[in-house]
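Join these two chains into a complex; the hints should help.
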Amino acid sequence: MEVSQNSDRKFTLPVDSEHKATEFRLFSVATPHMRAFHLSWISFFSCFVSTFAAPPLLPIIRDNLNLTATDIGNAGIAAVSGAVFARVAMGTACDLFGPRLASSSLILLTAPAVFLSSIANSPAAFLMVRFFTGFSLATFVSTQFWMSSMFSPNVVGTANGLSGGWGNLGGGATQLIMPLVYSLIHTNIGSTKFTAWRIAFFIPALFQALSAYAIFFLGQDMPDGNYVRLEKSGEKHKDSFSQVFYHAITNYRGWILALTYGYCFGVELTIDNIIAQYFYDRFDVNLHTAGIIAASFGLANLFSRPGGGILSDLVGKRYGMRGRLWTLWVVQMIGGLLCLLLGKIGSLSGSVAVMLVFSVFVQAACGLTFGVVPFISRRSLGVISGMTGGGGNVGAVLTQVIFFRGSRYSTEEGISLMGVMIMCCTLLILLIYFPQWGGLFCGPRKGVTEEDYYLSEWTDAEKEQGFHKMSMKFSENSRRERGKKGASVPITSDKETPPTMV
Amino acid sequence: MEVPAGFLVVYLLFSCFVASSYGVYFSSLNETLIVTATPTQGQVLKAGEDQISVTWRFNQTYRAGTDSAYKTVKVKLCYAPISQKDRSWRKTVDLLKKDKTCPHKIVARPYTASNNSFTWTIERDIPSGVYFVRAFAFNAQDEQVAYGQTTNAHKSTNLFEIQAITGRHMSLDIASICFSAFSIVALAGFFYMEKRKAKGSQEK
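Sequence lines, in order, name chains Y and P. No gaps in the numbering here: position 266 of the first sequence is 266 in full-length UniProt numbering, and each next residue is one more. No gaps in the numbering here: position 18 of the second sequence is 18 in full-length UniProt numbering, and each next residue is one more.
Treat the hints as calculated values from the structure; they're not laboratory data. Note that CB positions come from ideal geometry on N, CA and C, so glycine has one too. Don't take each hint at face value.
Stated by the list, open to error - One side only, chain P facing chain Y, incomplete, derived with CB under 8 Å:
id : residue
1  : A80
2  : Q84
3  : D86
4  : S88
5  : W89
6  : T92
7  : P127
8  : H169
9  : I184
10 : A186
11 : L187
To be verified - A few chain Y residues facing chain P, derived, Cβ under 10 Å:
id : residue
12 : L65
13 : S104
14 : S105
15 : A111
16 : I189
17 : T195
18 : A196
19 : W197
20 : I199
21 : F201
22 : Q208
23 : A209
24 : S242
25 : D460
26 : A461
For reference, chain P alone in the conformation it holds in the complex (with noise of 0.2 Å):
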């Protein structure tokens, strides 16, 4: 692909630096949903056996009305700091759209003010780690609106863990292990086979 590296970079240089950075900041929302889970804390879970129920209402202490723009309620599991230590993939940013911090969903519904449950299995592919669950309400525009989770503002209560699925079966570790040998012992069969045409090209 030979193109005029120049006026390509040049041009491109200008569309590049543009960075979006409008969106909706986590810091602009009031924690006003109530969200409580069934894990405790320090519980520990597993991937595709265990469940989690999770409740939420509108916390009625703020104005009434202030819900009046919710339309939607996800729910996602989210991972505590532990889990995101050294791990720059699960990063928490403020501009929400870039925020990996709630990667799971849970589920979605219609915003009611109350009386909201949810049973969920935890699926097979979350990994191992220490998580806490968040709600966020959107508004028509699919925009976040508001929030609450089953942690504290420092992530540091009711933290609860999960183990995951180690994905490897029987069947595969026998086969895995069956091919290894069979690749060293063709390997000695290779050197065999040499050695007896070096003998047989010096017999003749």
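The shape of chain Y in the complex, shown without the other chains (with noise of 0.2 Å):
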């Protein structure tokens, strides 16, 4: 396919001068912007079907493998712990190869571990298909760094969001769709118990392999083409990662959301893998059943997470990156009781009505989360995104094997004590803290600038060299996280002029 002058080229969306699309039209599959939406989310919905496929099956396949509590605690934490690394790894893929390549490639190495699900035979065979099976989840960064490539800021927001929060869908999705499988397998081809839920595993596994291939043949990385050919036409210049992975490790605000992260995402993660089995246990629920309740926890991510987003951007319009803050701060507090509540209520119906608003509170504040990672670094965007998202995998290796291993605490004696540790940590938002912003209590330094900000991360002779004009422009506008009060404070820093931006 020729591609002419970018000029020249005709997008079917309005874009602005990357050729970042300015609007974003839900149910349009145009290429290449709201197609690559479509493929992304879809994409991470498989990966998220696949990894949480065996929490609603675990009444089955505890029986087949003769599994103990501390063996299914152990393959649920080794689910979510492979990402944590993954993640980081995923956003130097995705600098390095383009999103495409690096999500389908992840996506395709994964597959096998589904598939060889079927034939597991032992605790130690359950855990380690768990285990290769979550790096899957990486694609969460592909996919927000993909949405970031073909969407204007002013629309990234929505696309990050809504590509996020249907992916982790996904962990609801298949609470539904496993038990249901099953029992087709099961009672309409009558096949035995042990012999279904390995059947069953074939469909997610299936799905999985096939977005990879549609990732493949009907996407392309940025607005313009694949990385391959913009990189060799010399389009595209490339940063140095030792720099970039330096500049995001020694912000603490990255580390300090990492940490938060791990307390609303990672608490979601957590409870995809122990509801089912919670509800099945302690209500005496059938498996139908418990897999509906713990379906509409995953399932409130098709409008939470999106609205936490959504959320955050109407707050930052008002009053500002502090805006943005606080109401993270009481959102995921409010998530953390919430939780707390949860593990003490004694009734099926009760349970299931706070376990939905619990929901809502702990997705909208992954969504709030992302509000605020785009503005902590704009250089090491990439990697600040994957340190958040392998923190949140990290704060549900850290519940699970605290609260959900093994004998030591009864299933809802866990729930309540993860809900009290939630709002522990949820306190460390109060450290954040943007010297050209302010934090939750202290107000912006006088005179310190976006610029001086952003700008801070490049040296002298990288700034010589012209590297830094991207984070110039971002830095005129985030403007606007001054809020409406501050949009009147003078723009004027103490330093010299910086170059002006052609």
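This is the structure:
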């Protein structure tokens, strides 16, 4: 397909100077923007379906493989621990190879783990397949990266929130899909229980593999084409990996958000792992019903995570970054309180109701977190996103190790204690401070501008070569984070005026 | 689903701490039935293949008339303590309706004082574990009123083992491995295609 001069290229959606779409049309599949959106959320959804395919069928699997509560807990931890480093690595891979190749490769590499789940025969094998399947959750980073490459800042929050939320939906959908597929195979085809669940695993495996093929053949990295072609023609500049990495890990705000994301998203992953078994065992519902209840937790992602992102943008417009931080803190605190309550309730209907409200708050907190992440760093956006995403999985590992492994705490005690831990860790948000905008309790420092903050990531030598231009553009755009009150504050800084932008 | 969270939670809190604690307790039952089963101590049986023969009768040393309320007998396969360890979904609880010790039904029969027996082929969905057999006598209101079991009060004697089926089949194994291999081969193919495309655009 010939691509002539950039200015001649016709896009279905209106685009900005980087050819990123400035509008988001949900029901369109126009190349390349909306097609990239649909490919990315569907493939991320399939990875979630595969990673959490085992939990709703655990009552059958635990009898077949003779698992103890410790085995089940370890496998649950393994399922979310692989992605801790995979998410950070994925950010790098997207930089080097582009999101299309990076995500389709990872998805195809982890598909065998899902296929091989069908022949697992021992607790050790079960742990291994869950561990390797869990690596696929790193597609979160490629999803967010791809959306940031395709969509302009005014709609990127919506694109990111929807693709992230609808991908997470897979964790809920799988609690419905797997018991349904299982009962179709067990009842209608007539296989015994211990064979039916094995056959059932082929469904998520095939779905995952197919989505990888779709990405490879139908997707492209950037509005103008794929990385390989763009780099060879010189249109794309490669940044230094060590510098990018250094500026990410030395920014304390990235570490704080990584931890707090562990207590909204990580908690969401933990609940995906334990909730079906919890309802099945504590309230004596059947497998099908436990699956439906568990599914409703994850299905709230349809609107709650995107809602969190949209709320962050709304609050940011009026109150700036301080508003975003306050909203995140309040919503996540309430989530922790509801989690504490969930473990204390002894009736089925009460539990379901509290769980539903809890799901909205905890998922909205995820969306709100990623309303703040894009502003922590411009140069190292990819690695910061990867760190935060990885932190989410660390939270899932921590909570499962401490509260849901073996028989130390009953599941309901674990849930309540997890609520307490959410509230404690969320307090760290109080420590986040942006000199140009302020923090929860302190206002901005006088005279500090957005340029001071974002350009401090570049050395003078790099600035001379003009590598920092995109940070300049971003600094101007991020002026909105001062909120309505701060918009009138003068924007001159004490340092020499930066070179003018072309 | 936007609900007024505060109101809903408070309302449901009223109804939710009510945990029903009425029902029959195991400790209140007498062991008035004598139950025997064919597996011997430590014997290993295969699910789906081997059989268990159970016999049960009323223990005549109890006063005559004790069994007047008994209407039905349900014989169950129960987990021994070793198979309950670290598996809270098989926990023994005194309140019988919450008890998970005996989930597998062998047979249900109307009650007669003697001459009861049943031969059961172990079903294919019985998991691997160590077991014993227990029979409950039910009254007309379908409540447990008595029991008997093949093991002692500590559940330490006369336990037998059952080995479950794996659920695996040769065809499943082959399909699984083939699809996995195909995924890897397809990936290699993708990289090859990408390389060729890149070379092609460079030569242009």
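Hints, verified against the model:
This hint is violated: A80(P) has a C-beta 14 Å from the nearest C-beta of chain Y, more than the 8 Å allowed. The restraint placing Q84(P) at the interface with chain Y is violated, with a minimum CB-CB distance near 10 Å, outside the 8 Å limit. For D86(P), the interface hint holds, since its Cβ comes within 8 Å of a Cβ in chain Y; the closest pair sits about 4 Å apart. With 8 Å as the threshold, the beta carbon of S88(P) comes within range of chain Y, its nearest partner Cβ sitting at about 6 Å, so the hint holds.
For the restraint placing W89(P) at the interface with chain Y, the shortest Cβ-Cβ distance is roughly 5 Å, inside the 8 Å limit, so the hint holds. Using the Cβ-Cβ criterion of 8 Å, the hint placing T92(P) at the interface with chain Y is not satisfied: the shortest such distance is roughly 14 Å. Against a cut-off of 8 Å between C-beta atoms, the interface hint on P127(P) holds, since the closest Cβ of chain Y lies about 4 Å away. Evaluation of the H169(P) hint against chain Y yields a held restraint, the C-beta minimum of about 7 Å falling below 8 Å.
Hint status for I184(P) relative to chain Y: holds, with the closest Cβ pair at about 7 Å, below 8 Å. The restraint placing A186(P) at the interface with chain Y holds, with a minimum CB-CB distance near 6 Å, inside the 8 Å limit. The interface hint given for L187(P) holds, since its Cβ lies 4 Å from the closest Cβ of chain Y, which is under the 8 Å cut-off. Interface hint status for L65(Y): upheld, as the beta-carbon distance to the closest one in chain P is roughly 9 Å, under 10 Å.
Taking 10 Å as the C-beta cut-off, the interface hint given for S104(Y) holds, the closest approach to chain P being about 7 Å. Using the Cβ-Cβ criterion of 10 Å, the hint placing S105(Y) at the interface with chain P is satisfied: the shortest such distance is roughly 6 Å. Taken as an interface hint, A111(Y) checks out: its beta carbon lies about 4 Å from the nearest beta carbon of chain P, inside 10 Å. For I189(Y), the suggested interface contact is broken, since its CB lies about 13 Å from the closest CB of chain P, more than 10 Å.
The interface hint given for T195(Y) is met, as the beta carbon of that residue sits about 4 Å from the closest beta carbon of chain P, less than 10 Å. For A196(Y), the suggested interface contact is upheld, since its CB lies about 8 Å from the closest CB of chain P, less than 10 Å. The beta carbon of W197(Y) is positioned within 10 Å of a beta carbon in chain P (closest approach about 8 Å), and the interface hint is therefore held. Proximity of I199(Y) to chain P holds as hinted, the smallest CB-CB distance being about 7 Å (cut-off 10 Å).
The criterion of a C-beta within 10 Å of any C-beta in chain P is met by F201(Y), whose closest approach is roughly 9 Å, and the hint holds. Among the interface hints, the one on Q208(Y) holds; its C-beta lies about 9 Å from the nearest C-beta in chain P, closer than the 10 Å criterion. A cut of 10 Å between beta carbons decides the hint on A209(Y): the least distance to chain P is about 6 Å, and the hint holds. For S242(Y), the interface hint is violated, the least distance from its beta-carbon to any beta-carbon of chain P being 26 Å, above 10 Å.
For D460(Y), the interface hint is violated, the least distance from its beta-carbon to any beta-carbon of chain P being 35 Å, above 10 Å. Look at A461(Y): its Cβ only gets to about 31 Å from chain P, farther than 10 Å, so that hint breaks.
Hints 1, 2, 6, 16, 24, 25 and 26, counting from the list given before, are not met by this structure.
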